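Chemist: Use these hints to put chain B onto chain A, whose structure you have.
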Amino acid sequence: MAGVLEGSAWTLGDHVDTDVIIPARHLLTFDPEKLAPHCFEGVDPTLASQIRPGDIVVAGHNFGCGSSREHAPIAIQALGVSCVIARSFGQIFYRNAFNLGLPLLEADLPPGAVRAGDRLSVDLATGRIENRTTGAAFDAAPIPDFMRELIAAGGLIPFVLGRRA
Amino acid sequence: MAGAPAQGGEGGLPRAAGLPVCYASRLGKPRTIGGPPVAMTLTEKILAAHAGRSQVRPKEMISVRVDQSFTDDLGGPITFHVLESHKVEKVFDPERFFVSAMVNTPSKDISAANTVMKMRGFCRRMGIERFFEGGNAGIHNALAIEQGLVLPGEILVGGNSHACTGGGVGAFATGMGSTDIAAILITGRTWLRVPETIRYVYNGELPRWVTGKDLILATIGKFGVDGAQGKAMEFAGEAISALPVEERFALPNMAVEAGATNGIIEPDEKTLAYVGPRARRPFTPVYGDPGAGYAAAHEVDVSRLEPMVAFPHLPSNTRPLSEVREVRVDQVYIGSCTNGWIADMRAAARILKGRKVAEGVRLIVIPSTTGVYRQCLREGIAETVLDAGGIFSTPTCGPCIGAHMGVLGDGMRSVSTSNRNFVGRQGSTRAEVYLVNPHIAAATAVLGRIGSPDEL
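Residue numbers (my numbering), protein chains in the order written: chain A, 545 to 709; chain B, 6 to 461.
Just chain A, with the same shape it has in the complex (with noise of 0.2 angstroms):
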């Protein structure tokens, strides 16, 4: 959790859902290298392609609504995204990037705060997020405590082992 994130910005828009995020048809595997290349190719699938290791994700409203598949975080993760701010979460997706380590920010962030391609850096600790191309500061909601014990623990598995110990 601790540490600064830098990376080049993606923006998408409102209710991005998880059949977009990695349709149906590839969910006969698991296996992030598989996922990955499919990843958002329902809104652009040239994207996977083009997301470097260490881009963050900047979306609307209600990002990864829809099916409660967790092959949709465990993409973007293998496509090497460093976090995902939106303005909101589709409930199941947001449990689910945690459980997996893949940190999610809640950004009410005004329009046009963030063009594709701006570079960003994300303090997770404290929500800071700058936008380094603008010269723009904005705050993200803190991450809740809960989920910091998560990530800490190294994802709810081990949480849950530890507890049970």
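Worth flagging that the hints you see were computed from the coordinates, not collected in a lab.
What you are looking at is a predicted structure, and each value in this text was computed from that prediction instead of being measured.
Incorrect hints may appear among the rest.
Pairs of lysine-lysine residues, derived as DSSO-like cross-links and limited to a Cα-Cα distance of at most 27 angstroms, are as follows [as the list claims (entries may be wrong)]:
1. A:Lys578 with B:Lys227
2. B:Lys123 with B:Lys92
3. A:Lys578 with B:Lys95
4. B:Lys64 with B:Lys275
5. B:Lys113 with B:Lys123
6. B:Lys95 with B:Lys123
7. B:Lys64 with A:Lys578
Chain A regions said to be covered by chain B (calculated; three or more residues, Cβ under 8 angstroms) [stated by the list, open to error]:
8. 560-569
9. 603-611
10. 624-632
11. 640-648
Idealized CB from N, CA, C, for every residue including glycine.
Modeler: Frame of chain A, contents of chain B only:
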């Protein structure tokens, strides 16, 4: 529409926001453990009981006991992989879990077949006996109800977003991802943020061809696909009470399409008569308290509603049928965990009887479970579908998610009784999906364009 729960009613109790007294539950009594009685909604009461607490408050994080859980051939492989990679050798209670290979079934290719074999092996090692595939196949969200594995007052957490269907019998039912399900298999518990409840009250008599599906489509159309984000949707009112139990299930089924954590309907005599003979274990129905606090309450007069059509590519993109112009279709799919019940099959068969599917239209009718399939055979529904020129298939949810059977090609247009019409949902990203009820779907198959049975 979101907001803080109504506070500061008489006697320090939260008061239902804008809710007519006549709709408050008559049956529940506030509990009085260690302090003044605290009125809770149905969802809050179920959660409190499963957290071992006398009360819970909206937005609190709690840990709850889970009565039943399940997975399928999409999420299951991840769940089992997670458990195996953490060397978990024993699950909390194999009786409280079931598996349904329902998507790519009967196995559509080698990979799907390998998945089923692996899942069977895992279940055998863990002592999980309920495995639905082959001759007992079915969609888990429907099986949970049909097999009496989700009961009034219980908590069901399924590894599928439409697990919320179970709320139709008065349970707290919600969907989660594979890792959360793995944690439930280890501990028998899960963590939750107590949702605020929004109450939707449907008054009046449903017009002809208008169903529970239209109520939920109209509601999502009005409030949006995140209109109940992280909330509990409680469905009530005389229009709900008037519906046979299975015809109510489309409402909680699609609660997740409004972003809700769960959808729930308070059990009534019909519910108890329906659930009683199926129940696999004793249960105690739970009812909401009078005076419980709601985040919001909405009333809908259903007597002026029309059948609704959700246009591509969101379930909220709804229009009343009368406002739909010429929309020609290539495929009609009647089935899924939303509308694959016997009532839906009968509705479709009544319209198809003695008629023919339009030239060039592929009609696929798929009951949600083997029980429904068997009933369709008994009642001659399968034959009616075949006589009309349709396909009548064994249970699978394949077409709903474009995985198996009836996958859409480029530019194809599907009318579907399922629950999602996202880009690429049923196949090609250049295909289109329109969501309707089974009456409209069957009429559309005959007309070759979206239309009403009245036009036949």
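Chemist: Any of the earlier hints contradicted here, and which numbers?
Modeler: 1, 3, 4, 7 and 10
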